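Since the structure of chain A is already known, use the hints to place chain B on it.
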Amino acid sequence: MEDVLEVQGLCKRYPGFALENVSFSVPYGYVMGLIGPNGAGKTTTLKTILGLLLPDRGEIRAFGLDAIAQGKKVRSRIGFVHDDPRFYDHLTLEQNAGLVGRFYRTWDFRRFQGLSASFGLPVGKRFGVLSRGNKTKFALALALAHQAELVIMDEPTSGLDPVFRRELLDNLTDLLQDERTSILFSTHITSDLERIADYITLIQGGRVVFSASKDEILESWALVKGGLDLLDRLPSGTFRGVRRGELGFEALTDDVESIRGRLGDAVIIDRASLDDVVLYTSGGAADA
Amino acid sequence: MTPEPSHSAERVWGLNRNDWLLIRRDWILNRVSISMALFVFATFQVLFVQAQLDLPYVWVFLTCMWAALITLSPLAREMADQGAAWSCTLPASRIDLVRARYFGAWLLAAVGYLVALSVALLAPGSTVVPSFAIDLDTLLVGATIVSVILVFLMPSVIRFGVKGVFVLLVPLNLLLPVVFVVSKATGTQDSLENSLLAGLQSLATVIAGLRDGLSRPLFYIAIVLLLFALNWASYRVAVALFMRREL
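From first to last, the protein sequence lines stand for chains A and B. For the first sequence, my numbering begins at 1 and goes up steadily by one. For the second sequence, my numbering begins at 1001 and goes up steadily by one.
If you're looking for bench data, these hints aren't it; they were derived computationally from the structure. All figures in this text were calculated on a predicted structure; none of them were measured in a lab. We put the CB at the ideal spot given by N, CA and C, even for glycine. You may find that some hints are simply not true.
[Said to hold, decoys possible] FRET-style restraints, in silico, Cβ to Cβ:
1) B:T1043 - A:G124: 27 to 37 Å
2) B:G1199 - A:G128: 44 to 54 Å
3) A:D174 - B:V1012: 33 to 43 Å
4) B:L1174 - A:R195: 49 to 59 Å
5) A:R132 - B:S1033: 24 to 34 Å
6) B:A1233 - A:R195: 51 to 61 Å
7) A:S282 - B:S1033: 23 to 33 Å
8) A:S131 - B:K1163: 50 to 60 Å
9) A:G39 - B:L1247: 13 to 23 Å
10) B:F1166 - A:G128: 23 to 33 Å
11) A:R207 - B:R1024: 17 to 27 Å
12) B:V1181 - A:R132: 47 to 57 Å
13) A:E6 - B:L1203: 54 to 64 Å
[To be verified] Far from chain A by the CB rule (all over 10 Å, computed), these chain B residues:
14) L1021
15) Q1052
16) L1062
17) A1085
18) C1088
19) D1135
20) D1137
21) V1181
22) D1190
23) T1205
24) L1218
25) F1219
26) A1229
27) W1232
28) R1236
With the rest of the complex left out, here is chain A:
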């Protein structure tokens, strides 16, 4: 399967933060979700892909091109949706689109009008007076009107109410039917990704914990529940995260078969959600 985006060994250091050897790839026509807690390095990764930050090391290839050396060509095929979309507040949506669209040779104003209508955007209104949700939808309409092959979205649903979030995700799902648009979607709201993502990359503390298909992740990770005495039978490091309560423990594992072999029916093994995976691997599951 061909990749629309390949990130290999990406490193970026700041005082107090380092992106270490980040690698993942996004296949053509699929949605890659980039998850991780706040400050994990998601935005730094996206900004580096867009050329806003300079990598210390590593390689980024998009559409087979070097995204740093050939950034102009690469960005002409990318649509970017920022978590707090920044356009020109004093101009109407139509004026904003007219100003931005000209930079793209593939810009299709009719498509922009069609998307605006289907998203319910008031094109005659000034950008500055739009709600947060409509600003995000406008950014998405712009990205799609220049027929971006890769849409990069940085926390597009954060701060949106559930109705708007659902609408936005539905819009994305509809748009993916063409199978030529790929999406790299960063968020810390894992339920969004459970709905639309095909692949997931989890970043924590600047490092990739895993990058795999969503189905593979949901099949391989599990929550194990049992009595506290069972924990003593297992060597430390068996689980990726453990939460101890008064009556028992709950822990995350990516090696279900081994746990089942060792503990048998003494434990209950449940399917882990993406939220569980992020919570336990980030050390956020505190003892009760």
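Below, chain B without anything else, positioned relative to chain A:
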């Protein structure tokens, strides 16, 4: 970051399609602030004319200084709206962005000069003589004033945004008094003043020597080339700084 080549078959006056789009965008976005600046500029011209001062080079100096400062208007919005980061997500290279800023600034300065000239000539009782205002000597003096301001300010503003004006001017403003205070304290004030005067006199001598030694057309060409070289050097510094800017 390795500068990205900026080849384009559609070049007009050395600018590619993106450069023109960026200049167009900046002028549309800043049309209100540019119009206001030009209005204040025009008012200044009317007042200057009413003062009936027969100081043509003061007029040139103030007019060109204003024209150069108007060019910072588009950069103010770039900073306020975090526009630099947004602009860098467009399919335009950073070189395109810097080049558009320089050409846009010179175009705006030229428009400013034309507006000033028109107002100054049309205002009743004007002492500004048309033949003086469009004389090659006057235009070169004006271009030199604009160049001096842009050459120093643009790299700093492109790197740091509008606060770049302060990054440049505040240390300069502090440095000069400090140098004088130190020279006074160490008893070298006279030699410092003499050195400064000697430097300025040498510059004047070189320019006068060029003017006397060369034919008029060659002298003008030499000055134009010198100004172009200064702007080019400033542009290259701005490109190098902007390439390293993390957004």
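Structure-based check of all given hints:
With their beta carbons about 35 Å apart, T1043 of chain B and G124 of chain A fall inside the hinted range of 27 to 37 Å. At roughly 51 Å, the beta carbons of G1199 of chain B and G128 of chain A sit within the given window of 44 to 54 Å. Distance hint for D174 of chain A and V1012 of chain B: a CB-CB separation of about 41 Å, consistent with the stated range 33 to 43 Å. For L1174 of chain B and R195 of chain A, the hinted distance range of 49 to 59 Å is satisfied, since their beta carbons lie about 58 Å from each other.
Distance hint check for R132 of chain A and S1033 of chain B: the Cβ-Cβ separation is about 27 Å, which falls inside the suggested range of 24 to 34 Å. In this structure the supplied range 51 to 61 Å holds for A1233 of chain B paired with R195 of chain A, their Cβ-Cβ distance being about 55 Å. Between S282 of chain A and S1033 of chain B the CB atoms are about 46 Å apart, so this pair departs from the stated range of 23 to 33 Å. The hinted range of 50 to 60 Å is not satisfied by S131 of chain A and K1163 of chain B, whose Cβ atoms lie roughly 32 Å apart.
Between G39 of chain A and L1247 of chain B the CB atoms are about 19 Å apart, so this pair conforms to the stated range of 13 to 23 Å. Here the CB-CB span from F1166 of chain B to G128 of chain A is close to 28 Å, well matched to the stated 23 to 33 Å. Range check, R207 of chain A to R1024 of chain B: about 44 Å between beta-carbon atoms, so the 17 to 27 Å window is missed. Checking the proposed 47 to 57 Å range against V1181 of chain B and R132 of chain A shows it holds: the Cβ atoms sit about 54 Å from each other.
Taken as a hint, the range 54 to 64 Å holds for the pair E6 of chain A and L1203 of chain B, whose Cβ atoms sit roughly 56 Å apart. L1021 of chain B, annotated as away from the interface, has a beta carbon of chain A within 10 Å; the closest lies near 5 Å. The non-interface label for Q1052 of chain B is consistent with chain A: the shortest C-beta to C-beta separation is roughly 41 Å, beyond 10 Å. Against chain A, the non-interface label of L1062 of chain B holds: every CB pair exceeds 10 Å, the least being about 31 Å.
With a least beta-carbon separation of about 6 Å from chain A, A1085 of chain B fails to lie farther than 10 Å from that chain, contradicting its non-interface assignment. With a cut of 10 Å on Cβ distances, C1088 of chain B falls inside the contact zone with chain A, its closest approach being about 6 Å. The Cβ of D1135 of chain B sits about 39 Å from the closest Cβ of chain A, beyond the 10 Å cut-off, so the non-interface label holds. At roughly 41 Å, the least C-beta separation between D1137 of chain B and chain A is larger than 10 Å, which holds for a residue marked as non-interface.
For V1181 of chain B, the shortest C-beta to C-beta distance to chain A comes to about 36 Å, beyond the 10 Å cut-off, and the non-interface label holds. In this structure D1190 of chain B is separated from chain A by more than 10 Å, as the shortest Cβ-Cβ distance comes to about 47 Å. Annotated as non-interface, T1205 of chain B keeps its C-beta farther than 10 Å from every C-beta of chain A; the closest such distance is 46 Å. For L1218 of chain B, the non-interface assignment is confirmed: its Cβ lies about 40 Å from the closest Cβ of chain A, beyond the 10 Å cut-off.
Against chain A, the non-interface label of F1219 of chain B holds: every CB pair exceeds 10 Å, the least being about 41 Å. With a least beta-carbon separation of about 28 Å from chain A, A1229 of chain B lies farther than 10 Å from that chain, consistent with its non-interface assignment. Listed as a non-interface residue, W1232 of chain B keeps its Cβ farther than 10 Å from every Cβ of chain A; the least gap is roughly 22 Å. Chain A leaves R1236 of chain B outside its interface by the beta-carbon criterion, the shortest separation being 19 Å against a cut-off of 10 Å.
Hint compliance for this structure: hints 7, 8, 11, 14, 17 and 18 are broken, all remaining hints hold.
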